[in-house]
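Go ahead and model the full structure; you've got the sequences and the hints to work with.
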Amino acid sequence: MTLLSGLLGNALLSGGVLALAGMGELLAERVGVLNLGVEGLMALGAVSAVITVASTHDAGLGVAASLAVGAIAGGVFAIATVLARASQVLCGMALTMGGLGLAATIGRPFAGQPSAATFRPMPIPLLDQMPVLGDALFRQSLPVYLAYLVLPLALHLLLFRTRHGLTLRAIGENPAACDAVGIRVLPLRFAYVVLGAALSASAGAYLTLGFVPSWSDGVTAGRGWIAVSLVIFAGYRPWRIVAGALLFGLVNALGYLAQARNWGVPSAFLSMLPYLVTLLFMIVPALLSRGRPGATAPAALGLPYYRDQR
Amino acid sequence: MARTELLIRPLVQLSGITKSFYGVRANQSVDFSLAGGEIHALLGENGAGKSTLMNVLTGLYQPDSGCIAIEGHARRIDSPAAAIEAGIGMVHQHFKLVSAFTVAENIHLGWNETPFRAPAALLEARTAALSRRFGLAVRPSARVGEISAGEQQRVEILRVLARGARILILDEPTAVLTPPEVAILFAALRAFRAQGNAVILISHKLGEVLEIADRVTVMRAGRSIETCAAQGASRASLARLIMGDTSLPPMQESGRAVADDAAVRIELRGVTVRDHRGIALLDNVDLQVRAGEVLGVAGVAGNGQRALSEILTGNLRPDSGTVLLDGQAVAHPTPRRFARHGIGHIPEDRLRTALAADLSLAENAVLREYDRSPVARGPLFVPGRARALAVRIIDDAQLDRRDPSLPARNLSGGNQQRLVAQREARIADRVLVAAYPTRGLDIGAVASLHAAMHRLCARGIGVVLISEEIEELLDHADRIAVLFAGRIAGILPASDAESERLGLLMSGQALVPDAPDRDPGRAA
Numbered sequence: 017m018t019l020l021s022g023l024l025g026n027a028l029l030s031g032g033v034l035a036l037a038g039m040g041e042l043l044a045e046r047v048g049v050l051n052l053g054v055e056g057l058m059a060l061g062a063v064s065a066v067i068t069v070a071s072t073h074d075a076g077l078g079v080a081a082s083l084a085v086g087a088i089a090g091g092v093f094a095i096a097t098v099l100a101r102a103s104q105v106l107c108g109m110a111l112t113m114g115g116l117g118l119a120a121t122i123g124r125p126f127a128g129q130p131s132a133a134t135f136r137p138m139p140i141p142l143l144d145q146m147p148v149l150g151d152a153l154f155r156q157s158l159p160v161y162l163a164y165l166v167l168p169l170a171l172h173l174l175l176f177r178t179r180h181g182l183t184l185r186a187i188g189e190n191p192a193a194c195d196a197v198g199i200r201v202l203p204l205r206f207a208y209v210v211l212g213a214a215l216s217a218s219a220g221a222y223l224t225l226g227f228v229p230s231w232s233d234g235v236t237a238g239r240g241w242i243a244v245s246l247v248i249f250a251g252y253r254p255w256r257i258v259a260g261a262l263l264f265g266l267v268n269a270l271g272y273l274a275q276a277r278n279w280g281v282p283s284a285f286l287s288m289l290p291y292l293v294t295l296l297f298m299i300v301p302a303l304l305s306r307g308r309p310g311a312t313a314p315a316a317l318g319l320p321y322y323r324d325q326r
Numbered sequence: 087m088a089r090t091e092l093l094i095r096p097l098v099q100l101s102g103i104t105k106s107f108y109g110v111r112a113n114q115s116v117d118f119s120l121a122g123g124e125i126h127a128l129l130g131e132n133g134a135g136k137s138t139l140m141n142v143l144t145g146l147y148q149p150d151s152g153c154i155a156i157e158g159h160a161r162r163i164d165s166p167a168a169a170i171e172a173g174i175g176m177v178h179q180h181f182k183l184v185s186a187f188t189v190a191e192n193i194h195l196g197w198n199e200t201p202f203r204a205p206a207a208l209l210e211a212r213t214a215a216l217s218r219r220f221g222l223a224v225r226p227s228a229r230v231g232e233i234s235a236g237e238q239q240r241v242e243i244l245r246v247l248a249r250g251a252r253i254l255i256l257d258e259p260t261a262v263l264t265p266p267e268v269a270i271l272f273a274a275l276r277a278f279r280a281q282g283n284a285v286i287l288i289s290h291k292l293g294e295v296l297e298i299a300d301r302v303t304v305m306r307a308g309r310s311i312e313t314c315a316a317q318g319a320s321r322a323s324l325a326r327l328i329m330g331d332t333s334l335p336p337m338q339e340s341g342r343a344v345a346d347d348a349a350v351r352i353e354l355r356g357v358t359v360r361d362h363r364g365i366a367l368l369d370n371v372d373l374q375v376r377a378g379e380v381l382g383v384a385g386v387a388g389n390g391q392r393a394l395s396e397i398l399t400g401n402l403r404p405d406s407g408t409v410l411l412d413g414q415a416v417a418h419p420t421p422r423r424f425a426r427h428g429i430g431h432i433p434e435d436r437l438r439t440a441l442a443a444d445l446s447l448a449e450n451a452v453l454r455e456y457d458r459s460p461v462a463r464g465p466l467f468v469p470g471r472a473r474a475l476a477v478r479i480i481d482d483a484q485l486d487r488r489d490p491s492l493p494a495r496n497l498s499g500g501n502q503q504r505l506v507a508q509r510e511a512r513i514a515d516r517v518l519v520a521a522y523p524t525r526g527l528d529i530g531a532v533a534s535l536h537a538a539m540h541r542l543c544a545r546g547i548g549v550v551l552i553s554e555e556i557e558e559l560l561d562h563a564d565r566i567a568v569l570f571a572g573r574i575a576g577i578l579p580a581s582d583a584e585s586e587r588l589g590l591l592m593s594g595q596a597l598v599p600d601a602p603d604r605d606p607g608r609a610a
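Protein chains in written order, with our numbering: chain G, 17 to 326; chain L, 87 to 610.
These are calculated hints, taken from the structure and not from any lab test.
As the structure is a computational prediction, the values presented were derived from the model and not from experiment.
For every residue, glycine included, the Cβ atom is placed at its ideal position computed from N, Cα and C.
One or more hints might be untrue.
Claimed, not checked - Chain L side only, calculated, beta carbon under 8 Å to chain G, not exhaustive:
#, residue
1, P166
2, A167
3, I170
4, G173
5, F187
6, F202
Structure follows, in structure tokens:
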């Protein structure tokens with residue numbers, strides 16, 4: 017039974033990275049901006065969290081630092097893509113490469129050391145006494161609950177139950193129509209790209225303060241890219257992103273388990289699993305939904321908005 | 087005239103509006119006044135500056151100079167939001183709706199009276215109430231991408247009215263409507279006017295303008311030429327004002343009997359086409375397009391016209407039945423094969439299916455001839471020759487912007503249509519299939535398009551003219567086939583056809599007695 021409990025707990029913990037990063041990406045994509053810089057944002061968030069806790073010993077401040085750094089980097093990205101209308105794909109690539117490089121450089125003195133502070137478990141009274149599930153689900157840290165419950169609920173309500181959410185989704189679908197009814201497209205795009213970038217960067221803090229927990233070059237290991245594909249796989253819906261993240265977490269945890277128990281599968285294959293599953297997840301839904309209009313991308317995703325165009 | 091103007095307090099006064107784009111004067115010191123309780127038609131050729139003027143009034147463009155007064159008070163309209171606040175609402179020619187959203191979501195988009203908590207059920211209930219209040223029938227939970235153009239337009243109007251607009255601007259509102267929908271629209275406009283509100287109506291259809299407008303302002307080449315009362319004006323007098331000194335090409339004879347032995351260029355035998363849900367778009371259609379005739383296809387939009395034009399041009403394969411080109415059955419129809427065979431196609435949705443909007447005029451102009459001499463040399467594409475050919479096509483199409491490197495989307499709708507028509511007429515050695523070719527064109531362009539059509543006929547080329555306007559078909563077609571619910575409800579020689587009879591056939595209320603009657607239950 018502890019086997020199952022451990023597996024589930026580990027799945028939850030490792031999937032949280034993708035849930036946070038994916039929801040950040042979701043915010044940007046819903047207003048029509050494709051941010052391919054998630055990997056770089058995560059690396060920047062991870063390293064700034066580690067550096068902050070090294071001097072403050074406070075995991076909360078570490079997360080705050082990652083949010084702030086993510087917002088600044090996201091602001092630069094938004095100036096380029098939303099205001100200057102540069103190519104979103106190229107700017108996203110630049111953000112990924114620049115973020116990874118910068119993080120490696122400033123993180124060098126901290127590489128390989130355990131993080132000075134980590135997230136503390138926050139058991140939920142009563143629920144944590146449940147057999148199996150209690151240990152796995154209800155003795156996690158605050159960021160885990162945030163990633164799986166609070167944030168998806170908040171985003172879901174925001175996007176699908178409020179006036180503001182209607183506006184946001186419309187900006188991603190048809191900015192010209194929004195402009196015609198008096199919605200200020202560019203300021204809102206800017207704001208949500210910045211917000212999304214901050215959230216994606218906090219996934220880095222989650223990684224180095226909760227999951228791994230230490231900084232080393234390459235610690236993000238392509239998780240930012242998986243988050244980008246997760247958003248597509250989840251059809252741009254918060255709950256499905258979280259569910260998908262948990263699924264990836266499970267694959268990941270299975271890999272660890274197999275390694276620990278020595279199931280005889282070469283570890284290289286086990287490490288490959290999440291990436292292979294990503295490929296599968298991209299292909300299978302596309303095959304299944306062929307010809308039917310399902311959860312499609314926002315129609316204006318990736319397109320800069322110009323008003324003076326007929 | 088002057089006396090009535092004194093009596094009416096102007097609701098909107100535009101004075102000396104000037105606006106240039108890339109050095110081209112789109113508006114040149116334009117004055118325009120709109121009174122409460124009037125429907126004011128704004129007329130002019132494509133590119134005369136009507137849309138620019140309206141975009142200035144709705145805050146999308148800032149004028150280079152000039153001022154706007156609303157109810158006598160000078161007002162800066164520097165954003166669409168400011169225009170809405172001033173009570174100005176516009177229904178654009180290309181609807182500004184989010185097609186993935188429901189009707190209710192579109193109505194409530196960007197509206198400050200939308201409740202903060204806005205679940206779908208609440209928005210739909212509010213929309214249903216608005217729909218009743220303003221007498222505009224819409225289905226709140228339907229997705230905009232799946233409803234008819236007429237209903238989309240009602241959504242746009244309802245959205246504007248719900249925000250308390252007193253000034254409603256409509257840009258070619260009837261271009262996409264069926265005749266019954268036009269009647270519904272006009273009734274709604276008259277009711278709106280009766281409450282002291284005002285409508286600005288941009289249109290190319292002079293008959294409609296004379297029917298509904300109180301006053302008319304004519305623009306030409308960026309200037310406002312004249313404002314006059316609609317009463318006492320005639321089609322001819324308005325046409326003269328719009329065209330200026332240029333004259334219309336003479337009208338051609340229509341309703342010529344086509345010799346029975348004229349060669350059959352395209353023949354459909356028992357052609358049935360189904361959509362992905364299995365619903366028949368075309369149902370057992372038999373049709374012949376003969377050399378040298380104009381075959382009119384009448385019918386209310388959505389009765390299979392699109393499938394018919396795509397079958398005739400190789401864009402669709404029939405689910406059953408045969409398509410014959412010059413008597414030869416085509417086993418695997420493809421658009422390329424039909425184009426090679428000399429069949430040109432002016433599709434109904436020019437921006438989506440006829441043009442690559444982000445490519446240049448030059449590239450769009452040579453789209454049908456890029457792979458043959460002189461543009462191609464063997465496997466090579468020769469850009470210099472392509473450009474030379476494109477310049478010729480652009481000149482022949484008489485576009486108002488002649489820079490071949492301009493992206494096609496920067497052309498106005500009418501000019502896009504001219505470019506497509508010119509390009510397709512060039513390759514049409516045997517048949518030209520034209521779906522609503524005059525949609526959005528001004529009267530001068532309509533006349534030259536019809537003249538071009540008849541020139542093709544005189545060369546022995548068959549023309550298929552798909553239209554909703556009975557008048558256009560009666561004036562220009564030799565035979566008229568009526569489509570109803572994917573079937574040919576009847577084929578009449580134009581000389582025998584009357585508009586009432588066609589109207590009955592179009593509404594499915596009558597079948598031609600000598601037509602094979604496959605469904606006796608439906609015959610009236």
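- Message: Of the numbered hints stated earlier in the document, which are not met by this structure?
- Response: Number 4 - this is the single hint that the structure violates.
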